[in-house]
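*Asks:* Chains A and B supply the protein sequences, listed in that same order.
With positions in the first sequence counted from 1, the corresponding number in the working numbering is that position plus 2.
With positions in the second sequence counted from 1, the corresponding number in the working numbering is that position plus 2.
I should point out that these hints are in silico values taken from the structure, not numbers from a laboratory.
Please note that the accuracy of each hint is not assured.
Below are the SDA-like pairs computed for lysine to any residue, each with C-alpha atoms no more than 20 angstroms apart in a straight line [what the hints assert, rightly or not]:
1. K75(A) x D71(B)
2. K478(A) x T421(A)
3. K75(B) x R72(A)
So the derived label-pair ranges between C-beta atoms look like this [unchecked claim]:
4. D115(B) x P127(A): 33 to 39 angstroms
5. P490(B) x P127(A): 32 to 38 angstroms
6. P525(A) x E123(B): 47 to 53 angstroms
7. D286(B) x G35(A): 43 to 49 angstroms
8. T472(B) x N368(A): 54 to 60 angstroms
9. F74(A) x E123(B): 52 to 58 angstroms
Note that the structure is a prediction, hence the values are computed from the model and not measured.
Positions of the beta carbon are idealized from the N, C-alpha and C atoms, including for glycine.
Protein chains: 2
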Amino acid sequence: MPISLTQESNVDVLVIGAGPAGLMCAMALSHAGVNVRIVDRRPAKVKAGQADGIQPRIIEVFQSYGLADRLFKEAVQVHVACTDRASDVTAPTARYPFEMALHQGAIEQIFMDSMASKGVEVERPIIPTFIELSDDEAVLKDPTSHPARVVLKHLDVEDGKPDTEVVYAKFVIGCDGAHSWIRKQFDITMEGEQTDYIWGVVDLIPETDFPDIRNRCAIHSHNGSCMVIPREGDKVRLYTQLSDKDVVDAKGRVDRSKMGPDNILEVANKSLYPYTISASHEIDWWTLYIIGQRVADRYSVHERVLIAGDACHTHSPKAGQGMNASMNDTHNLAWKLAHVLRGCADISLLKTYEFERRKYAQDLINFDKKFATLFSGKPRTEDNEDGVSHEEFLEAFQAFGAFTSGIGVHYQPSAIVNTKHQSFASNLIIGQRVLPHVFIHAANFQPVEMQDLLPSDMRFKVLVFTGDTTDKTQLKSIRSLAKELAEPERFLNRFGHGRSGAVFDILSISSAKKRQSNYTDVPEILRSHWSKFLLDDGDMYKRSGGGGYEAYGIHPSGAIVVVRPDGYIGMVAPLNGLQDIDNYFASFMISSP
Amino acid sequence: MPISLTQESNVDVLVIGAGPAGLMCAMALSHAGVNVRIVDRRPAKVKAGQADGIQPRIIEVFQSYGLADRLFKEAVQVHVACTDRASDVTAPTARYPFEMALHQGAIEQIFMDSMASKGVEVERPIIPTFIELSDDEAVLKDPTSHPARVVLKHLDVEDGKPDTEVVYAKFVIGCDGAHSWIRKQFDITMEGEQTDYIWGVVDLIPETDFPDIRNRCAIHSHNGSCMVIPREGDKVRLYTQLSDKDVVDAKGRVDRSKMGPDNILEVANKSLYPYTISASHEIDWWTLYIIGQRVADRYSVHERVLIAGDACHTHSPKAGQGMNASMNDTHNLAWKLAHVLRGCADISLLKTYEFERRKYAQDLINFDKKFATLFSGKPRTEDNEDGVSHEEFLEAFQAFGAFTSGIGVHYQPSAIVNTKHQSFASNLIIGQRVLPHVFIHAANFQPVEMQDLLPSDMRFKVLVFTGDTTDKTQLKSIRSLAKELAEPERFLNRFGHGRSGAVFDILSISSAKKRQSNYTDVPEILRSHWSKFLLDDGDMYKRSGGGGYEAYGIHPSGAIVVVRPDGYIGMVAPLNGLQDIDNYFASFMISSP
Numbered sequence: 003m004p005i006s007l008t009q010e011s012n013v014d015v016l017v018i019g020a021g022p023a024g025l026m027c028a029m030a031l032s033h034a035g036v037n038v039r040i041v042d043r044r045p046a047k048v049k050a051g052q053a054d055g056i057q058p059r060i061i062e063v064f065q066s067y068g069l070a071d072r073l074f075k076e077a078v079q080v081h082v083a084c085t086d087r088a089s090d091v092t093a094p095t096a097r098y099p100f101e102m103a104l105h106q107g108a109i110e111q112i113f114m115d116s117m118a119s120k121g122v123e124v125e126r127p128i129i130p131t132f133i134e135l136s137d138d139e140a141v142l143k144d145p146t147s148h149p150a151r152v153v154l155k156h157l158d159v160e161d162g163k164p165d166t167e168v169v170y171a172k173f174v175i176g177c178d179g180a181h182s183w184i185r186k187q188f189d190i191t192m193e194g195e196q197t198d199y200i201w202g203v204v205d206l207i208p209e210t211d212f213p214d215i216r217n218r219c220a221i222h223s224h225n226g227s228c229m230v231i232p233r234e235g236d237k238v239r240l241y242t243q244l245s246d247k248d249v250v251d252a253k254g255r256v257d258r259s260k261m262g263p264d265n266i267l268e269v270a271n272k273s274l275y276p277y278t279i280s281a282s283h284e285i286d287w288w289t290l291y292i293i294g295q296r297v298a299d300r301y302s303v304h305e306r307v308l309i310a311g312d313a314c315h316t317h318s319p320k321a322g323q324g325m326n327a328s329m330n331d332t333h334n335l336a337w338k339l340a341h342v343l344r345g346c347a348d349i350s351l352l353k354t355y356e357f358e359r360r361k362y363a364q365d366l367i368n369f370d371k372k373f374a375t376l377f378s379g380k381p382r383t384e385d386n387e388d389g390v391s392h393e394e395f396l397e398a399f400q401a402f403g404a405f406t407s408g409i410g411v412h413y414q415p416s417a418i419v420n421t422k423h424q425s426f427a428s429n430l431i432i433g434q435r436v437l438p439h440v441f442i443h444a445a446n447f448q449p450v451e452m453q454d455l456l457p458s459d460m461r462f463k464v465l466v467f468t469g470d471t472t473d474k475t476q477l478k479s480i481r482s483l484a485k486e487l488a489e490p491e492r493f494l495n496r497f498g499h500g501r502s503g504a505v506f507d508i509l510s511i512s513s514a515k516k517r518q519s520n521y522t523d524v525p526e527i528l529r530s531h532w533s534k535f536l537l538d539d540g541d542m543y544k545r546s547g548g549g550g551y552e553a554y555g556i557h558p559s560g561a562i563v564v565v566r567p568d569g570y571i572g573m574v575a576p577l578n579g580l581q582d583i584d585n586y587f588a589s590f591m592i593s594s595p
Numbered sequence: 003m004p005i006s007l008t009q010e011s012n013v014d015v016l017v018i019g020a021g022p023a024g025l026m027c028a029m030a031l032s033h034a035g036v037n038v039r040i041v042d043r044r045p046a047k048v049k050a051g052q053a054d055g056i057q058p059r060i061i062e063v064f065q066s067y068g069l070a071d072r073l074f075k076e077a078v079q080v081h082v083a084c085t086d087r088a089s090d091v092t093a094p095t096a097r098y099p100f101e102m103a104l105h106q107g108a109i110e111q112i113f114m115d116s117m118a119s120k121g122v123e124v125e126r127p128i129i130p131t132f133i134e135l136s137d138d139e140a141v142l143k144d145p146t147s148h149p150a151r152v153v154l155k156h157l158d159v160e161d162g163k164p165d166t167e168v169v170y171a172k173f174v175i176g177c178d179g180a181h182s183w184i185r186k187q188f189d190i191t192m193e194g195e196q197t198d199y200i201w202g203v204v205d206l207i208p209e210t211d212f213p214d215i216r217n218r219c220a221i222h223s224h225n226g227s228c229m230v231i232p233r234e235g236d237k238v239r240l241y242t243q244l245s246d247k248d249v250v251d252a253k254g255r256v257d258r259s260k261m262g263p264d265n266i267l268e269v270a271n272k273s274l275y276p277y278t279i280s281a282s283h284e285i286d287w288w289t290l291y292i293i294g295q296r297v298a299d300r301y302s303v304h305e306r307v308l309i310a311g312d313a314c315h316t317h318s319p320k321a322g323q324g325m326n327a328s329m330n331d332t333h334n335l336a337w338k339l340a341h342v343l344r345g346c347a348d349i350s351l352l353k354t355y356e357f358e359r360r361k362y363a364q365d366l367i368n369f370d371k372k373f374a375t376l377f378s379g380k381p382r383t384e385d386n387e388d389g390v391s392h393e394e395f396l397e398a399f400q401a402f403g404a405f406t407s408g409i410g411v412h413y414q415p416s417a418i419v420n421t422k423h424q425s426f427a428s429n430l431i432i433g434q435r436v437l438p439h440v441f442i443h444a445a446n447f448q449p450v451e452m453q454d455l456l457p458s459d460m461r462f463k464v465l466v467f468t469g470d471t472t473d474k475t476q477l478k479s480i481r482s483l484a485k486e487l488a489e490p491e492r493f494l495n496r497f498g499h500g501r502s503g504a505v506f507d508i509l510s511i512s513s514a515k516k517r518q519s520n521y522t523d524v525p526e527i528l529r530s531h532w533s534k535f536l537l538d539d540g541d542m543y544k545r546s547g548g549g550g551y552e553a554y555g556i557h558p559s560g561a562i563v564v565v566r567p568d569g570y571i572g573m574v575a576p577l578n579g580l581q582d583i584d585n586y587f588a589s590f591m592i593s594s595p
């Protein structure tokens, strides 16, 4: 027998699990130039079914990584939620005011294609069999150390070849799903109710006389409840909530053989009555979801092992939030990891990951519970006055619009969310994402969406709302701001680590009108490239642009808005408030050597 | 010596020349499933420089082939034409109200990538050395015959391998440029003035204090005239018109050694004074254009050999029209060839190619002449009262907006342009392209741009403006229209050749409001798929849609609009005017067997 030498290697970030959370993480890190590996137990990616809708905020996030085009090509759009043809998404500030739906395999492929351009591929099938984390505090505090030791077992190796390897990682990200192995190794517990709901789910191309089959519908009738979610390629997904007796055997265990797509369709037909629905083609995917609503008691072990996605929160599928929340977890985490690994930010920055994302998961659970109760309750009738009225149901369905759209995510004050000067940009809510708005380039009057200037490129965006640069007094204060900005003790140099352009991206937005403006009057530090100087004015064709200062609530004297690399507003300052910006960055960044 | 066996083969369409005209032709035909080959004399595609801006109409055409995304990724947008910061494109109905600029090699690559997905590649370096066309009228009239015999010489073959082949083609398309070999073989002459203008052109990344360097500028000063065209990748193109003495030697011949990029920049600096301009990086492309403005006396030889692009019209580069006109030539030709080759249309349809495109080329020459005179003339001053005033110059620069944008192209009445019922859709001008407008899908209220429903897929689009389908009387007439449409003698079956869905695409647009509409009331022949039934109403977010009947000038009783496969309106009819539509198609289509 050949001697099986165990391979050993180092990596900066090891991602366990290549579902939406893990892939978002690896994709984002690969583009940041981080040394990352991602492994998965499945031999191939998901082919059909699984996962839910794509919410407006995550479309914005995809756009920030340059990946929204693919969604628009491949996904179906969902514009209406029935029953009364209300708008599906009650989030008036959404850039994309609709949901989309696309099967999980296609979403995963978008991430994989993007990573592949940076040389990162999912390694599979591989499972972790052992993990230990150093308990030496000095090691844990040193961001250059590799305190995690992980043994990986390759499931599909040629006979005689070694099938295990040891990986020393600076950080391990557990994105290994609801039954997370990583979570269990560190005795992280899931908190929440113990009741599991059982859902039957089927994807089909419908044959039906139900006119709203291409809209998202929550049908709540005396004969049963059912949800319709339009999908790509003329498919539709039906969700039906099942009762225990449908699927549980005499011993109280779930018996999958008692249930199949025909049974799920039967339940759906009952609730759709008098309309009927059947499958026009063979059904290629169906499942039973048996899931509770729980959240992990902690998201990290010494900020070295972190968990994300289903590994730390599980939800009923009704609001279609699971996948979105998972991707937003690692979107929140990736830039923090990148800054720590680059030596730009203190490792304590990673504490904000649990702080921000665990609260969101808890809110989501609370939302789910409220919605589930309404959805499973019987409708109110003369005989059942305790039932759920149509109005109550509709109100709940709408009230959570901002929440379910993801637009309303609001991170609370912390080292990276400083609300002190909110009044200088009263509508750019600190802790929320930047509102979409169209401005024009001063150099060629080309309209541009502000969100497109805030790519997820790991840089902090410093938006300098200069006021009217054709006003001589204002121009004078802008010039003094520019002079101050260039000083060595200011954040630009102090935290720029010798190449401030890689850490900070400065954009200036003047309220001057296009026919008067001459952007070359403004000092170069505020316009490093012609495309970095904008005007708050309409385009040449009066189709877009203008009114941005008002929409953002910018103070007449101007304002500086610091946007985190994930697109969320970190702080606001007046034009003479550089000191406060310095202090903000000093609270989590490391000074240049 | 080995015996050199000459290879012989048949092809439906042989395209000679892989510039913009030839590539548009081959790309369009490849997607139509036409058996097409394209050959070019150059060993590789153009790398830098060459060609001009991309006009609004050609952006729409790219979009119709699914290729606009690439333009938006790679090209620069040009929104303003100076000197007074007027809008660059004075065509208010343009879907994309701006120009773009991208070097010719990148544009060619877009076509090549698209063709490659259909297995068609440019074969190069190859030149035609012999061509003859049968003079047998019966052969020429038979669309299945191969009346053209072309000898191709492969310039880059291994020693001993045969370097010539004989190709028998149904159609030969000469896209072989201003010095077209094809044109010469058939003694087609170029008509027009004999004076050649000399232009110096240079692409550079500018170092300049001229604030409008990112806008399209026509600078017309006492010291010289110069044009600035922004380009992708921070480049700028400068055009300067040169005088004979700069470049012509003692014998009256052009001496390229007398001129280089430095000389061109010198002329540019004179006209930009008091601003200055220089190149911040090495100049990778410059040229002298020596060109007259001429148009071929005919575009076709028995509709079997046809010429397109620079082969039949040459222009001064000032208005940036050459490449756009060339691509529009073959966009106009491709669908006609496809229908003839499929046996759906009579070969006489090809006569409309010369009829429509030669007039356009002549109009363009006339425009060029007028513009050139203004541009080369001295400005008006007190000493020179015959000079060109600033106002005259500006007016000319703007007046031709609709023309230079390509939006104003208006094909005159012919077999495929029937203006009889214009009043039923008074703003959808018969012979012009369909105005962009947003409607919503009845099934899910998703907004959609009408132009996106008119892809260049070789199908005639039949737009049925049904009126209000919630009105019972109107619904009754719609049902009777549907019944009539299905009759065997109507165009749908008569010219559908057994698969009418491959020849015609029927879209219905109701004026019913979204909350009232039930599209399943409408007969299926008018909504072959849920996406084919639209409403003229706003989307759920009041961002787009609504007012389409008014914008298009649709008659209150409804209307049917026939759109040609190239997006131009072929005819309009009242809802009870099916007979006129039958007659329209009968004038150039062949009945199903």
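*Asks:* Against this structure, judge whether each hint is valid.
*Replies:* Here is what the structure says about each hint:
1. K75(A) x D71(B): 11 angstroms, holds
2. K478(A) x T421(A): 28 angstroms, violated
3. K75(B) x R72(A): Cα-Cα ~13 angstroms, so holds.
4. D115(B) x P127(A): 33 to 39 angstroms: 35 angstroms, holds
5. P490(B) x P127(A): 32 to 38 angstroms: For P127(A) against P490(B), whose Cβ atoms are near 59 angstroms apart, the range 32 to 38 angstroms is violated.
6. P525(A) x E123(B): 47 to 53 angstroms: 52 angstroms, holds
7. D286(B) x G35(A): 43 to 49 angstroms: Violated, since D286(B) and G35(A) (Cβ atoms, about 29 angstroms apart) do not stay within the stated range.
8. T472(B) x N368(A): 54 to 60 angstroms: Between T472(B) and N368(A), where Cβ atoms are some 42 angstroms apart, the hint is violated.
9. F74(A) x E123(B): 52 to 58 angstroms: The hint (52 to 58 angstroms, Cβ to Cβ) is violated, given that F74(A) and E123(B) are roughly 29 angstroms apart.
The structure does not agree with the numbered hints 2, 5, 7, 8 and 9 stated previously, though it agrees with the rest.
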